[in-house]
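Taken in order, these protein sequences are the chains called A and B.
With this note's numbering, the residue at position 210 of the first sequence is 210, and numbering never jumps.
Just add 560 to wherever you are in the second sequence, counting from 1, and you've got this note's numbering.
Derived by calculation from the structure, the hints in this document are not laboratory data.
One or more of the hints may lead you astray.
What the hints assert, rightly or not - DEER-style ranges, computed between Cβ atoms:
| # | chain 1 | residue 1 | chain 2 | residue 2 | range |
| --- | --- | --- | --- | --- | --- |
| 1 | A | G43 | B | V574 | 32 to 42 Å |
| 2 | A | D120 | B | F726 | 48 to 58 Å |
| 3 | A | K421 | B | F857 | 55 to 65 Å |
| 4 | A | E379 | B | A811 | 43 to 53 Å |
| 5 | A | K378 | B | D610 | 49 to 59 Å |
| 6 | B | F865 | A | Y395 | 52 to 62 Å |
| 7 | A | L121 | B | K792 | 22 to 32 Å |
Stated by the list, open to error - Derived coverage of chain B by chain A (criterion: at least 3 residues anywhere in the stretch with Cβ under 8 Å from a Cβ of chain A; other residues may be distant):
| # | region |
| --- | --- |
| 8 | 773 to 785 |
| 9 | 789 to 799 |
| 10 | 859 to 869 |
Said to hold, decoys possible - Just a sample of chain B residues kept apart from chain A, beta carbon distances all over 10 Å, derived:
| # | residue |
| --- | --- |
| 11 | V567 |
| 12 | E593 |
| 13 | D610 |
| 14 | I614 |
| 15 | L646 |
| 16 | I659 |
| 17 | V662 |
| 18 | L689 |
| 19 | L701 |
| 20 | F706 |
| 21 | T733 |
| 22 | G736 |
| 23 | A761 |
| 24 | T769 |
| 25 | G803 |
| 26 | A811 |
Every residue, glycine too, gets a C-beta built ideally from N, C-alpha and C.
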Amino acid sequence: MSFLKIHNLSVDYKMRKETVYAAKEVNIEVNKGEILGLVGESGSGKSTVGNAIIDLIDEPGKITNGSIMLGGIDLQTHTNNTVNYRGKKIGLIFQDPQTSLNPILTIGEQLIETIQTHLDLSKEQAKNKSISLLKEVGIKDAEKRFDNYPHQFSGGMRQRVVISLALCCEPELLIADEPTTALDVSIQSQILDLIKKLTRERNLAVILITHDMGVIAETSDRVAVMKNGNLIEIGATKKVLTDPKEIYTKSLVSSVPPTNKKISRFVIVEKENELNTKHNIKILNRWTKTEITDQNLVQVKNLSKSFEDNFFLENSKNSVMAVDNISFNIKEGEIFGLVGESGSGKSTIAKMIVNLFKPSSGEIFFDDICVTKIKKNKELMKFRRQIQMIFQDPYSSLNGRLKVKEIISEPIKLHNPKISKPDLDNYIFDLLESVELSQTSSDRYPHEFSGGQRQRISIARALATQPRLLICDEPTSALDVSIQAQILNLLKDLQEELNLTILFISHDLPVVRQMCNRIGVLKEGKLCEVSNTEELFLKPKDSYTKELLHLMPKIESIYK
Amino acid sequence: MFQSALVMLVVAFVSFSLFNFVGDPINNMVGEETSDEERAEIRESLGLMDPIHIQFSRFVINASNGEFGISYQLRRPVSELITERLPATIELVVVSALIALVFGTLLGVYTGIKRKGLLSDVILAVSLLGVSLPTFVIGILFIYLFAVILGILPSFGRGEVVDLGFWTTGFLTITGIKAIILPSVTLSLFQMTYIIRLVRAEMMEILQTDYIKFARARGISEQSIKYKHALKNGLIPVITIAGINIGTLIAFSIITETVFQWPGMGFLFIQAVQFVDIPIMSAYLVFIAFVFVMINFIVDILYYFIDPRIRVKGDTSSG
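Excised from the complex, chain A in its bound form (with noise of 0.2 Å):
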């Protein structure tokens, strides 16, 4: 019999209006030693099967329905089980390692009060235990961390805390609730392999949570998909990836970017409009398209820019040099990226071109006019026009107390104050139809929308100015796969029809290998190398971007 077994488990949350089901007769078994993949979109409820097993459902939510047998021993009918099991045979790993530890307490003091909690161990013991854990999940000069805080750590230490932390009672089943999303891929490799040493070594019952179907591929021995709360398909990794018999699934896998090849589109099965008629881009009528030549669009010159901590005093030593004498050109009509973990000066340089920032050093040309020089507010506006930006998070990037058309409308009005009112209506309608839209949403607010619609909205507010060069930075790690590929076939479509300039900033190596036609890679705000896409891809030069290619995870790797 299986470690652990959810039969028929029901989650609702009694709203005022309706009960949504956040998990609907999931049945779901995992064994010792084994990794189980839950997979699905954001809303499917694979995280909510994940806080049953511990009982840690945020209210108003409730287990309905079914049981969860650990063990043999039923965690439903006796209600104080599952709080006694809480660390001592249930561990759970959190996303963000930057919020899951307690900032004002040492890591030792968190990991003393948790041993001591479970096993009966004095202080010394607890300490000494403590100490041999945190060697174990790799932190070095464990005895001397001992007395750190939290924050004194970076995030992969401390994600190794955490696990160090959700392990020290020697739990049989660890829960991981997207346990690498927040980190660099460098880090996830780390983490990811530090748990599958975990899981073989201890004999663990592991499941892991997560969005990423390259994770799964390369971590997990069977995987569970989630749909709206209902489990949709479980298997063995490589069945389901390979051979998925649902729709769904099949949808799911053919929307993640595939790391090895580069594709035209990605294939969308299910879509989140339901307008089906054929992409009709009609704002082409109102712009001007710049013809494509060999000309560089934009010039980025030996540029610098430090950021000086001087809380007290100006000290040299605390400057962070998070641009350091970068230099690359975009040309017109290519869709250029930048990729590099956090840190690395991806958005301080967009931010820069934007002139967000001003640079410590050197100098940006846009269309051969050296922006860094330009003094007069006339001529910035002038610039500005022709530079736009899409940013990450889509929540909060668009003003919750305007109306769709006046988050559009406000760059049309900025740049061109005469146009008259039909003719501004007109305009915003063919801007939403041509990010495939419908008219009636100018009438709505951002909150109705979803994620992947909101990020439509922001691409038809930076469309609204009609500029030469769109800066998107990260715009689809907020959001779920296959959202992700509408998106960026969206971003693709607009950028052949109307000959726009890209430049594309993601830390998602398969998505810049779809997208982009050269790629430049940061690492510490030092640019390793700058080549055309496939051939970084095939051949890469620098050592840095071997290593980034080599530790992506890859939905292939299951092929093998």
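Given chain A's structure and the hints, the job is docking chain B onto it.
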């Protein structure tokens, strides 16, 4: 530090201006029959004919030595009057700050954890009443209830005080302790309400955070989660507010001291206002500003000890 010095200078200038621009100081000093020559002579001897900036620098130097001149009304040096009255105000403020902090935190934690309880609703409703009613009304109600009807507490004054040479205290006599209860409670009510609501909001927010959820998932006891993990984090902003509040308490004490005839600085100030006793007024202004600045400074330093995130800034190791 630079900011603090600037604030002090500006306040000093305002109080200095009081001397020069609110009426003629000489008129306030001399009788009606003084001749113009004599007035000019006094003016000269007091240095009032010097250019403004010299007068101002003299004022600043004197003020920093605690010299604010002589009270018009009481004919005694202002510094002497202030040191005489200071203990009364400080004792009142410290006691009410403690009441506000202790009870505010306790009630705040209670209402933050038991969000739906009847008692929580009652506490919140009463505390709202505490803010809505002006301090003097509450003070008078208290006097009526405890001094007039029940007759258990005195309605005015400090009771018997013990003189320790540099300090006079009411804590060493029973009448002194009795006397401080009503005014300090009155004064603390307003601040307590703030602290209740702040602690409540903080507790509610912190109990939703990931690290509390993670602590629960590790099986840490509810007791420890609430009082060790959550409360410690929740108290960090309370310190800032409490610091500013001590300043406000001193300012508010004017009203309370007047209602209870408390012989403190606020009471002195009100009397000074009635008699246009400018040296006392300006000294009071400078003093209050000084207290505010010092408290802010202390709070900043306290933060350093309480919040480890500030203590070891920039000392992150890579992984």
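We went through each hint and held it up to the structure:
{"no.": "1", "hint": "A:G43 to B:V574: 32 to 42 Å", "verdict": "violated (59 Å)"}
{"no.": "2", "hint": "A:D120 to B:F726: 48 to 58 Å", "verdict": "holds (56 Å)"}
{"no.": "3", "hint": "A:K421 to B:F857: 55 to 65 Å", "verdict": "holds (57 Å)"}
{"no.": "4", "hint": "A:E379 to B:A811: 43 to 53 Å", "verdict": "holds (52 Å)"}
{"no.": "5", "hint": "A:K378 to B:D610: 49 to 59 Å", "verdict": "holds (53 Å)"}
{"no.": "6", "hint": "B:F865 to A:Y395: 52 to 62 Å", "verdict": "violated (37 Å)"}
{"no.": "7", "hint": "A:L121 to B:K792: 22 to 32 Å", "verdict": "holds (24 Å)"}
{"no.": "8", "hint": "773 to 785", "verdict": "holds (count 10)"}
{"no.": "9", "hint": "789 to 799", "verdict": "holds (count 4)"}
{"no.": "10", "hint": "859 to 869", "verdict": "holds (count 4)"}
{"no.": "11", "hint": "V567", "verdict": "holds (19 Å)"}
{"no.": "12", "hint": "E593", "verdict": "holds (61 Å)"}
{"no.": "13", "hint": "D610", "verdict": "holds (38 Å)"}
{"no.": "14", "hint": "I614", "verdict": "holds (34 Å)"}
{"no.": "15", "hint": "L646", "verdict": "holds (34 Å)"}
{"no.": "16", "hint": "I659", "verdict": "holds (26 Å)"}
{"no.": "17", "hint": "V662", "verdict": "holds (21 Å)"}
{"no.": "18", "hint": "L689", "verdict": "holds (30 Å)"}
{"no.": "19", "hint": "L701", "verdict": "holds (40 Å)"}
{"no.": "20", "hint": "F706", "verdict": "holds (41 Å)"}
{"no.": "21", "hint": "T733", "verdict": "holds (42 Å)"}
{"no.": "22", "hint": "G736", "verdict": "holds (39 Å)"}
{"no.": "23", "hint": "A761", "verdict": "holds (18 Å)"}
{"no.": "24", "hint": "T769", "verdict": "violated (6 Å)"}
{"no.": "25", "hint": "G803", "verdict": "holds (19 Å)"}
{"no.": "26", "hint": "A811", "verdict": "holds (31 Å)"}
The structure shown violates the earlier hints numbered 1, 6, 24.
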